[in-house]
Amino acid sequence: MEISRRTVITSLAAAFVLPMTGCAAQIRSESAPEGSTPPPSAPPAPATVPVTIGVPARPQSLDPSLTVDAESHRSTRQVLETLLGVDHNTGAPIPYLASDWTVTDDGLRYTFSLAPDVEFHDGTALTAEVVAANFERWARLPGLLGQDRLDRLPRLAFASVFGGYAGDEQCRYVECQTVGERTVSLVLSEPIVFLAAALTSPPFGLSSPDSWVEFDRALAETEPGKLPEARPAGTGPFRWGAAPADGAGKADGADGAGKADGADEATGEHLLVLEADPDYRDGPSAVGPVTLSMITGAQQRLRELRRGRLDAFDYVSPSTLRPLVQGGAQVLQRDPFSVLYLGMNTQHPILGQLYVRQAVAHALDRRALAEEYFLAGSSQADEFVPPSLGVAHPELTTYGYDAEKARGLLELAGYRGEPLEFLYPVETSRPYLPSPEPVYARIAEDLANVGLVLEPVPVRWEDGYLDRLNADTGRAFHLSGRTGEYRDPHHFLEPLFGSHSTEFGYSNPFVVETLTEAVSSRHAETRTTLYRRSAESLALDLPALPLVYPISAVASGHTLVSYPTSPVLDERFDRIVPVDQSGPRR
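If you count by mature numbering (1 follows the signal peptide of the UniProt record, and there is no 0), then the sequence shown holds residues -24 to -1, 1 to 562, one letter each, in order.
Keep in mind that the hints are not guaranteed to be accurate.
Across the chosen pairs, the derived CB separations fall in these ranges [what the hints assert, rightly or not]:
1) ALA196 - THR154: 25 to 33 Å
2) GLY427 - GLU199: 40 to 48 Å
3) GLU199 - GLU394: 45 to 53 Å
4) ALA368 - PRO432: 48 to 56 Å
5) GLY83 - LEU330: 24 to 32 Å
6) ALA417 - PRO71: 46 to 54 Å
7) LYS202 - ARG116: 18 to 26 Å
8) SER483 - ARG116: 21 to 29 Å
9) ALA368 - HIS64: 48 to 56 Å
10) GLU190 - THR78: 50 to 58 Å
11) ASP76 - LEU330: 32 to 40 Å
Since the hints were derived computationally from the structure, they do not count as laboratory data.
Predicted model only: the values in this text are computed from it and were never measured.
Where a beta carbon is used, it is the ideal one built from N, C-alpha and C, also for glycine.
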């Protein structure tokens, strides 16, 4: 059954919606003794409804500045807030922790006025000094983490947006100045035309400096390939909670102390609990605690939703779509804002030959891949930037499906059946790859059809798939993708190709220079031309092949009226509306 964009599918009328399990108990009052005057009391806090959401993986870090992982950012969005927020209708930056901001005519100074009377969950006040401390910490991550540990991580947001870290020649960040108690200025050496949009993304979530102490202390005792556990205090509608006392997936409350995770004794799955902050400045959330239950299999997430152990889950796969619709669940689709690609190691002795990479591009039936293994509305990708950003190249070099041409190119390259390692993730779902195993199988079938011999290397996401991509230089192919977190082409291109890439064994000085120039270009037409030039160079070099612009979707059961969805995944849980609430809180 095909579902159009943003359609909500449900077959049950509201009169038959099942009540939420685990709702707060009714408040009972005792009669005062006769003749006595009851003491005055504060009005009771509004009851909140516990919600459990099934997600495909655990967060890699709860410090959003140290990861590019979508699951990490899903949870940290709830706890840490950014200076600027996202308009839900347009995706444009709007005031958030900053009540207002200005930019000088030369684009070298951004001045933010902070919202008054905001506190972090540990009681620290939001001040200009705290904001400056956050930017200084991000700018000096090499000194904090150590270069060896940093080199093992993907290119992080601060380096991608500002061009590097403090002290690097290419870094555009100069300093973060405090101008009074509630005004702060970012000073740049060169303009960053998309900076306001970038500051809406989770890696720039602000946290209390007092909450960094334990993490910093533990760094010295943690091996270089790993990061210690982080629990930064934020200002958001939720704070890190404790695992449910009974281990149940349907959390029934927690005291907000202790570790913010645990394991479900019934399923063995990892749990992360977020407690609603009763003192949140815009009023407490209608839902809470929110428990994120890490369930790697799509079919198992479907079963748990049917059993009532989940109120919603991400991500819907084609195999789970029909039973969801038949069962009357809501399927909430996001506009496509991610890209799946096939990475090719240009330093590999065989994939280093352009003829081989071109053969691979012609061997894959990407249109069939999009139509058969992704939700309706997904489409073949020819570029790394989604079409909605408006920089598509009208005359781009493309590679149509042509198995005979692929075989001819392999013959020209002298390929003789040597085995080629192919890394792909298993036991997970990503916004750009809801069903990794069948997608890999279809790609492998196409490649085998033209004579390529593959050596499959499945890697569990939980075992550090992204780390493996950076460490395994012997692989030929891998599957990966980019998920949009703010609306600018830079976010899709620079982290992959803006510097030497260990992921692809690739560096093109022209692409690097072109992307660098686009950062400061203040003319839309010039920027579009620069991105099209880089797209053409990448299409000719083929360090990776864009495959699909996927549609992703959330499924919610009968206990929720609505669940917020966003192309950039700006999905705050305080906008969830359970069945016993009349409407959104805001």
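Here's how the hints hold up against the structure:
For ALA196 paired with THR154, a C-beta distance near 30 Å keeps the hint of 25 to 33 Å intact. At about 42 Å, the beta-carbon gap between GLY427 and GLU199 stays in the expected band of 40 to 48 Å. Taken as a hint, the range 45 to 53 Å is violated for the pair GLU199 and GLU394, whose Cβ atoms sit roughly 35 Å apart. Remark: the range hint 48 to 56 Å for ALA368 to PRO432 is contradicted by a beta-carbon distance near 33 Å.
For GLY83 and LEU330, the Cβ-Cβ distance of about 39 Å falls outside the hinted range of 24 to 32 Å, so the restraint is violated. Under the hint 46 to 54 Å, the C-beta atoms of ALA417 and PRO71, about 47 Å apart, fit the expected range. Judged by the Cβ atoms, the range 18 to 26 Å given for LYS202 and ARG116 holds: they are separated by roughly 20 Å. A hinted range of 21 to 29 Å for the beta carbons of SER483 and ARG116 is consistent with their spacing of about 25 Å.
Checked against the given bound of 48 to 56 Å, the beta carbons of ALA368 and HIS64, roughly 25 Å apart, lie outside it. Separated by about 37 Å at the C-beta atoms, GLU190 and THR78 break the suggested range of 50 to 58 Å. A beta carbon spacing of about 51 Å between ASP76 and LEU330 contradicts the range 32 to 40 Å that was offered as a hint.
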